[in-house]
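J.: Chains as they are written, first to last, in the numbering used here: chain A, 1 to 426; chain B, 1 to 84.
FYI, nobody ran anything at the bench for these hints, they're computed from the structure.
Mixed in with the good hints there might be a few duds.
[What the hints assert, rightly or not] A few chain B residues that face chain A, going by a derived Cβ cut-off under 8 Å, partial list only:
{"no.": "1", "residue": "26"}
{"no.": "2", "residue": "52"}
{"no.": "3", "residue": "53"}
{"no.": "4", "residue": "56"}
{"no.": "5", "residue": "73"}
{"no.": "6", "residue": "77"}
C-beta: ideal position from N, C-alpha, C; glycine also.
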Amino acid sequence: MPRENVLVEEVTELTAVAAAETRYRAVVFASGSSARLDLEDSRATGWLAALEQMRAAGLTAYVEVDPGTGVIVEVLCPLPVVVDDLRERDDGVDVELVVSHARHRLSRDNPEFDELLAALRRARESREPVLVTETPDEHEIIDVRPDPKARAESAETGEVGVLGTPVTLAQANEMFTLVNNRTACSANPIAPGIPFTYPDDGCWGRAHEMCRLMIGAGVQPDKVWIYGNLHVVSFNKPDCNVYWGWHVAPTLTLTTGETYVVDPALFPNPVPRATWASVQGDPAASLVPTGADVFHRSSGGTLTFDPAYSQTNTVLATYRTQLQLRAASSSGPPPYSNCLALPPRTQWFGTIAGNTSHRWFTFGWPANWHVVWTIMPTLICPGTPTLSWSVAVERAGSTQATYWITVTNSSPHTVRFEGRYDVLST
Amino acid sequence: MWTGTQFSASLAPNTSHRWFTWGWPVGWHVVWYVMPTSAVSGAPQVDWDVAVERASSTQCTYWITVKNLTGATVTFDGRFAVLS
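Work out the full structure: start from the sequences and follow the hints.
T.: In structure tokens:
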């Protein structure tokens, strides 16, 4: 369903245009069409990184262009999916896509509702793969069109037994650290990082990659699949709420016989399977264990495998791109302070733009208290130091002091952080 | 609160160098400071600053840049205190 001024194609080249126009980068698509990326747009750096990630991974990009100027005004990453089910509601249609565990919706408020619904119905009947583009946070569908790429999949029906070898809790913690240390930078998620901070979708790719890493470390995991009307609260989504139809994560069987789940998208350590299930908002959800080799298990039990991890890499690239685009949006990169409670001995949550310094002050501190100040980024971005800080103090009165804390962000990304204090003596 | 020495090092005259130390729990409140082990009286010997990187949901890496303010080689300890 072509929309005006929209390109949904693979990117073949990102190049600088004429030297006199260094403000713009040319984006060339597979058909030979091109568009201009305005480097003065605040989203340009993130869009450029996302387009490059899509180009490198062979993903199709969705680009809206201003017809008058040829300048890109929106970049999104379509999902290569099959339409599985459509459920009409008063305000729209709930759309189940395969493979995706996110909740997708077509709003009746969309001016192209009828055309999009017809395209979704055709896709559901034909079972032909389509590219579905949606809004980044609400997952409202805005574009549906045939996917020209054929994808090889091997599907089977049945159950695959678990194979995991027992480990100690210490080994389970080691495996958690192993995979958690592969977390992609939330502000610039590049390969081979795992986009744990994009909770909306992509769990089956994350799970398969985690299993690959554990197997490489000599530990055989399994997986657990949960199906239901799932809802989790996450500080990595701007509105704090994530809705899923299903979810999957690796499991490890302990020598005690307990099953622990490794899911850095939800927990900071391995947790018992019952704990993992309990935070997903549906007491009636069903749990199904499988071996680690199952890449995707539909709610009906159809299994898909990805022994060469090629689909895994595509899924990871797709959701790193989604995270990159979210980071480039007005929301900025996760986590989102509105979803976080202020931890003990934390005075404030701050946000600081890339390559800038900013000063905060906090007043009314008893002058006889010995107070030290530290800063801790909440943005996960491994590889280089991000924030440094210095402290100045003003004796505001005979009994009170004001602290002035200057934070310097040496990274190019917007960073959120905690401003922490400790009172050494009073 | 508890304290420790994470590393010992030396710095050539009038130079600075950056050390990093990884795997620190992000929930800990940690302060870093430096103590010369080569005694010279009359003037400050070293200055330092600290930067921090959030490496994962649970761990961070501290980057400590130490500057030798003197015309002689300085040896020092890189110390920390876990406040909470």
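J.: Work down the list of hints and note, for each, if the structure agrees.
T.: Okay, the hints, checked on the actual structure:
Satisfaction of the interface hint for residue 26 of chain B is found here, the shortest Cβ-Cβ separation to chain A being roughly 6 Å, below the 8 Å cut-off. Satisfaction of the interface hint for residue 52 of chain B is found here, the shortest Cβ-Cβ separation to chain A being roughly 6 Å, below the 8 Å cut-off. At a threshold of 8 Å, the smallest CB-CB gap from residue 53 of chain B to chain A is about 5 Å, leaving the interface hint in force. Given hint, residue 56 of chain B at the interface with chain A, holds; its Cβ is 5 Å from that chain's nearest Cβ, closer than 8 Å.
Using the Cβ-Cβ criterion of 8 Å, the hint placing residue 73 of chain B at the interface with chain A is not satisfied: the shortest such distance is roughly 25 Å. The restraint placing residue 77 of chain B at the interface with chain A is violated, with a minimum CB-CB distance near 19 Å, outside the 8 Å limit.
Checked against the numbered hints above, the structure breaks hints 5 and 6 and satisfies the rest.
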